[in-house]
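Between the sequences and the hints, there should be enough to build the whole structure, so can you do that?
Under our numbering, the sequence shown is numbered contiguously, ending at residue 321.
Do not take every clue at face value.
Claimed, not checked - Calculated pairs, PhoX-like style, for lysine-lysine (alpha carbon to alpha carbon, straight line, at most 25 Å):
1) 22 with 115
2) 92 with 78
3) 81 with 119
4) 132 with 142
5) 92 with 119
6) 115 with 81
7) 115 with 20
8) 119 with 109
9) 132 with 266
10) 92 with 81
11) 109 with 78
12) 20 with 132
13) 81 with 109
14) 132 with 203
15) 109 with 22
16) 132 with 22
17) 92 with 115
18) 78 with 119
19) 203 with 142
20) 266 with 203
21) 109 with 132
22) 78 with 20
23) 142 with 22
24) 109 with 92
25) 20 with 109
Unchecked claim - Restraint ranges, calculated between C-beta atoms of paired labels, are given here:
26) 315 with 132: 28 to 36 Å
27) 168 with 193: 18 to 26 Å
28) 270 with 119: 36 to 44 Å
29) 132 with 229: 21 to 29 Å
30) 54 with 265: 53 to 61 Å
Read the hints as simulated data drawn from the structure, not as lab findings.
For every residue, glycine included, the Cβ atom is placed at its ideal position computed from N, Cα and C.
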Amino acid sequence: MAGATRLLPAYLVVGPDELKRKQTVTRLRAHVEGSFADFNLEELVASADMEPVGVLSSLNTLPMGGDLRVVIIENAGKLPKPVSEAIIEYLKAPNESCTLLLVAETLAKSTRLYKAAAKVGPRSVIECGAPKRRDLTPYVQKLAAAHGVGIDADAASELVSRVGESTTMLDNQLSALSALLGGRGQLTRAFVEQNVARTAEVKPWEFLDRIAERDARRSFELLALLRGNSAIGLLSLVTGRIRELICARALMARGDARGIAAALGKADWQVRGHARNAGRFAEGELEGLLVECARADRALKTGADADATMAVLVAHICGVR
1 MAGATRLLPA YLVVGPDELK RKQTVTRLRA HVEGSFADFN LEELVASADM
51 EPVGVLSSLN TLPMGGDLRV VIIENAGKLP KPVSEAIIEY LKAPNESCTL
101 LLVAETLAKS TRLYKAAAKV GPRSVIECGA PKRRDLTPYV QKLAAAHGVG
151 IDADAASELV SRVGESTTML DNQLSALSAL LGGRGQLTRA FVEQNVARTA
201 EVKPWEFLDR IAERDARRSF ELLALLRGNS AIGLLSLVTG RIRELICARA
251 LMARGDARGI AAALGKADWQ VRGHARNAGR FAEGELEGLL VECARADRAL
301 KTGADADATM AVLVAHICGV R
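Written out as structure tokens, the structure reads:
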């Protein structure tokens, strides 16, 4: 839709990335301007009581004082079947002076509505897939640049850990942080920690990454936030990470650092820091920590204090004796 000289009669914006969906809606709204904007823009939300007659009437209404009318239907994946079928028929001969924007978080490609929207024209379906975990850090850096500030990878990762993976929430936080800096400058991890409250649950992989980096301060912060989870389950994950680092170290010793992912049965991005982190431990240290994990497992299963047991283990992994 961006950069097009003439809009198509209909678009389908679909996918879990809420920010991308909102940005697309905003761009389409901008096409309806002037004193008749209120008349030429209608925004609807799919609901159980929505009727085909009303929707078709809106779509077939001619614009006033201009050459374009826009109808936006949010939550289009939950349209009542009679309305969905009416739109499918409408798209066979749409009102050329009206652009329909269907917005949905999910809508299967196998549905009749998706197929009908896809037939409207080139690029009529705008996919808004959510960034994968491995892409979130560079994604946040691009969002920050749009707000006039820079953010290093460490700070971006910290922001994601505190806010979660909602692109809208991330963008809102970056807007607020940019305002605090006057719309210019660099966002650091310390600045994020100082100004962003943690609203997202801690992901175990984040904790595992920090202990593998031997970052004692962050590891203990995250361990405290994970309190209440199964200590035995968490210990199992920690033990697994220690084993992965032992494997990584062995492969590095053989000059085969590139084979870590294949050896562990993981994607490359999942083991990106393994070689570097394995090198943070002295010869034989990881094997000793694996023994400590086994001791901690026995202790937990015989009634030892879970918080104290995990705290001691994390301290030893991070090199705090």
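Hint by hint, here is what the structure shows:
Between residue 22 and residue 115, the direct Cα distance comes to roughly 22 Å. Compliance with the 25 Å bound is thereby established for this hinted pair. Simply put, residue 92 and residue 78 have alpha-carbon atoms about 21 Å apart, close enough for the 25 Å limit, and the pair holds. Restraint check: the Cα-Cα separation between residue 81 and residue 119 comes to about 19 Å, which is no more than 25 Å; the hinted pair holds. Proximity of residue 132 to residue 142 is assessed by CA-CA distance (about 15 Å); at most 25 Å being required, the pair is judged to hold.
Of the supplied pair hints, the one linking residue 92 and residue 119 holds, its CA atoms being roughly 9 Å apart against a limit of 25 Å. Under the criterion of a C-alpha separation no larger than 25 Å, the hint pairing residue 115 with residue 81 is consistent with the structure, at around 15 Å. As the CA atoms of residue 115 and residue 20 are separated by approximately 21 Å, the hinted pair is consistent with the 25 Å bound. Taken as a hint, the residue 119 and residue 109 pair is honoured in the structure, with Cα atoms around 12 Å apart against an allowance of 25 Å.
Between residue 132 and residue 266, the direct Cα distance comes to roughly 15 Å. Compliance with the 25 Å bound is thereby established for this hinted pair. About 17 Å separates the Cα atoms of residue 92 and residue 81, which keeps this hinted pair within 25 Å; it holds. For the hint linking residue 109 to residue 78, the alpha-carbon distance of about 14 Å falls within 25 Å, and the restraint holds. Restraint check for residue 20 and residue 132: the C-alpha separation of about 14 Å stays at or below 25 Å, so the hint holds.
For the given pair, residue 81 sits about 16 Å from residue 109 by alpha-carbon distance, which is consistent with the 25 Å threshold. Of the supplied pair hints, the one linking residue 132 and residue 203 holds, its CA atoms being roughly 15 Å apart against a limit of 25 Å. Of the pairs offered as hints, the one joining residue 109 and residue 22 holds, with about 21 Å between alpha carbons and a cut-off of 25 Å not exceeded. Only pairs whose Cα atoms come within 25 Å are accepted, and residue 132 paired with residue 22 is accepted, the gap being roughly 19 Å.
As the CA atoms of residue 92 and residue 115 are separated by approximately 12 Å, the hinted pair is consistent with the 25 Å bound. Straight-line distance between C-alpha atoms of residue 78 and residue 119 comes to about 20 Å, which keeps the hinted pair within the 25 Å bound. For the given pair, residue 203 sits about 23 Å from residue 142 by alpha-carbon distance, which is consistent with the 25 Å threshold. The suggested pairing of residue 266 with residue 203 holds, with an alpha-carbon distance near 18 Å, which does not exceed 25 Å.
Of the supplied pair hints, the one linking residue 109 and residue 132 holds, its CA atoms being roughly 21 Å apart against a limit of 25 Å. Annotation: proposed proximity of residue 78 to residue 20 holds, straight-line Cα distance about 20 Å (limit 25 Å). Under the criterion of a C-alpha separation no larger than 25 Å, the hint pairing residue 142 with residue 22 is consistent with the structure, at around 17 Å. Between residue 109 and residue 92, the direct Cα distance comes to roughly 18 Å. Compliance with the 25 Å bound is thereby established for this hinted pair.
Distance check on the hinted pair: residue 20 and residue 109 sit about 19 Å apart at the alpha-carbon level, within 25 Å; holds. Between residue 315 and residue 132 the beta carbon distance is about 33 Å. The supplied range of 28 to 36 Å therefore holds. Roughly 22 Å separates the CB atoms of residue 168 and residue 193, a value that falls within the hinted 18 to 26 Å. Checking the proposed 36 to 44 Å range against residue 270 and residue 119 shows it holds: the Cβ atoms sit about 39 Å from each other.
The given range of 21 to 29 Å is respected by residue 132 and residue 229, whose C-beta atoms sit roughly 24 Å from each other. The hinted window of 53 to 61 Å between residue 54 and residue 265 holds, with their beta carbons roughly 54 Å apart.
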